[in-house]
Amino acid sequence: EAQVTQNPRYLITVTGKKLTVTCSQNMNHEYMSWYRQDPGLGLRQIYYSMNVEVTDKGDVPEGYKVSRKEKRNFPLILESPSPNQTSLYFCASSPLSAAAQFFGPGTRLTVL
Amino acid sequence: LAKTTQPISMDSYEGQEVNITCSHNNIATNDYITWYQQFPSQGPRFIIQGYKTKVTNEVASLFIPADRKSSTLSLPRVSLSDTAVYYCLVGDSPGYSTLTFGKGTMLLVSP
Numbered sequence: 001e002a003q004v005t006q007n008p009r010y011l012i013t014v015t016g017k018k019l020t021v022t023c024s025q026n027m028n029h030e031y032m033s034w035y036r037q038d039p040g041l042g043l044r045q046i047y048y049s050m051n052v053e054v055t056d057k058g059d060v061p062e063g064y065k066v067s068r069k070e071k072r073n074f075p076l077i078l079e080s081p082s083p084n085q086t087s088l089y090f091c092a093s094s095p096l097s098a099a100a101q102f103f104g105p106g107t108r109l110t111v112l
Numbered sequence: 001l002a003k004t005t006q007p008i009s010m011d012s013y014e015g016q017e018v019n020i021t022c023s024h025n026n027i028a029t030n031d032y033i034t035w036y037q038q039f040p041s042q043g044p045r046f047i048i049q050g051y052k053t054k055v056t057n058e059v060a061s062l063f064i065p066a067d068r069k070s071s072t073l074s075l076p077r078v079s080l081s082d083t084a085v086y087y088c089l090v091g092d093s094p095g096y097s098t099l100t101f102g103k104g105t106m107l108l109v110s111p
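Chains A and B, in that order, give the protein sequences.
Take the first sequence: its position 20, counted from the start at 1, is 20 in our numbering, and no numbers get skipped.
Take the second sequence: its position 9, counted from the start at 1, is 9 in our numbering, and no numbers get skipped.
Okay, chain A solo, but in the shape it has when bound (with noise of 0.2 Å):
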C-alpha cells in the first residue's frame, strides 16, 4: 500500500531533550515535507526536500533540523526542543512532477 509513515505518533518530552521524528515514503517521490499544525495558525511548512541530499527552508524551520541521506526518508530532528514546539507534525510526499502532495498521519508532540 502506498504510504507515508511517521513514528513515534504521540511523543511527550522534556525540554533540552533531543528527539527525531522519522517520516518513510514508499513511492519513490522525490519531494518529501515537513509541516507544523497549530489551532489558528493552519498549517505552516518547516522544511522540504527535492531529492537526496537537496533540503531547504520553509516557513517556520528556527529549532528543527532535517537530512535526507535516502530517497525514501526525511527524519525530523529538534536538537532541544522547547514547550513552543509543541504542536502536531505532519510529514509529506510528492513526485515533483505533480503538485498534489501525500501525507503521513501525523506525530503529536508536547514538549513540558
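Where hints are given, some of them may not hold.
Partial selection, computed: residues in chain B whose CB lies under 7 Å from chain A [as the list claims (entries may be wrong)]: (1) P40; (2) G43; (3) F46; (4) Q49; (5) G50; (6) R68; (7) F101.
Quick list of in silico lysine-lysine cross-link-like pairs, DSSO-like style, CA-CA up to 30 Å [to be verified]: (8) B/K52 x B/K69; (9) A/K57 x B/K3; (10) B/K3 x A/K65; (11) A/K71 x A/K18; (12) B/K52 x B/K103; (13) A/K65 x B/K52; (14) A/K57 x B/K103; (15) A/K57 x B/K54.
The following residues of chain A were derived to be distant from chain B, with all beta-carbon distances above 10 Å [said to hold, decoys possible]: (16) P8; (17) K18; (18) Q45; (19) D59; (20) S80; (21) G104; (22) R108.
Source of the hints: derived by calculation from the structure; they are not laboratory data.
Using N, Cα and C, we set each Cβ at its ideal position, and we do this for glycine too.
Place chain B on chain A using the hints.
Just chain B now, with coordinates in the frame of chain A:
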C-alpha cells in the same frame, strides 16, 4: 507565492451542493490550483487540482474562470462525513517548493 483567501467557515445540510470559493488575485502563469480536505487530527488529503476551466473527479468539481483569479470547489450532495476543513493552495508544478496552506474553510454539514 500567490496568496489565497477563503471564507473561514460555511454551513450546509446533507444532500445540498456546497461551493467554496478561493480568491488568488496574483496567481502566476505557471501556477496550478489545488484543494485539500482535512479531518481533525489527520493529515490533509488531496481532493482535486486544476489549471483552467473545469475539472471533475469522483468527489468534486473545480471551476476556474478565464482570468484564474479565483476558483470554486464544488461538492455535490454533501453528507455528514464531508464535515472538514478545506484548503485552497496555489503554486507551480513540477513540485511545489514552499507551500502555504492558509487557515482553510471549515465546512460543517448538518443533518
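Here is how each hint holds up against the structure:
1. P40: Check failed: Cβ of B/P40 comes no nearer than 10 Å to chain A, outside 7 Å.
2. G43: It holds, given that the least Cβ distance between B/G43 and chain A is near 3 Å, below 7 Å.
3. F46: This hint holds: B/F46 lies near chain A, its Cβ roughly 4 Å from the closest one there, short of 7 Å.
4. Q49: Check passed: Cβ of B/Q49 comes within 6 Å of chain A, closer than 7 Å.
5. G50: For B/G50, the interface hint is violated, since the closest Cβ of chain A sits about 11 Å away, which is over 7 Å.
6. R68: 15 Å, violated
7. F101: 4 Å, holds
8. B/K52 x B/K69: Judged against 30 Å, a Cα distance of about 10 Å means the pair holds.
9. A/K57 x B/K3: Given that 30 Å is the threshold and the Cα spacing comes to 19 Å, the pair holds.
10. B/K3 x A/K65: 27 Å, holds
11. A/K71 x A/K18: 24 Å, holds
12. B/K52 x B/K103: 24 Å, holds
13. A/K65 x B/K52: Roughly 38 Å separates the two Cα atoms, so the pair is violated.
14. A/K57 x B/K103: 21 Å, holds
15. A/K57 x B/K54: 34 Å, violated
16. P8: 15 Å, holds
17. K18: 25 Å, holds
18. Q45: The claim is violated: A/Q45 sits with its nearest Cβ about 5 Å from chain B, within 10 Å.
19. D59: With a cut-off of 10 Å, A/D59 comes too close to chain B, as the shortest Cβ separation is near 7 Å.
20. S80: Holds, since 25 Å exceeds 10 Å.
21. G104: 6 Å, violated
22. R108: 8 Å, violated
In this structure, the earlier hints numbered 1, 5, 6, 13, 15, 18, 19, 21 and 22 are contradicted, and the remaining ones agree with it.
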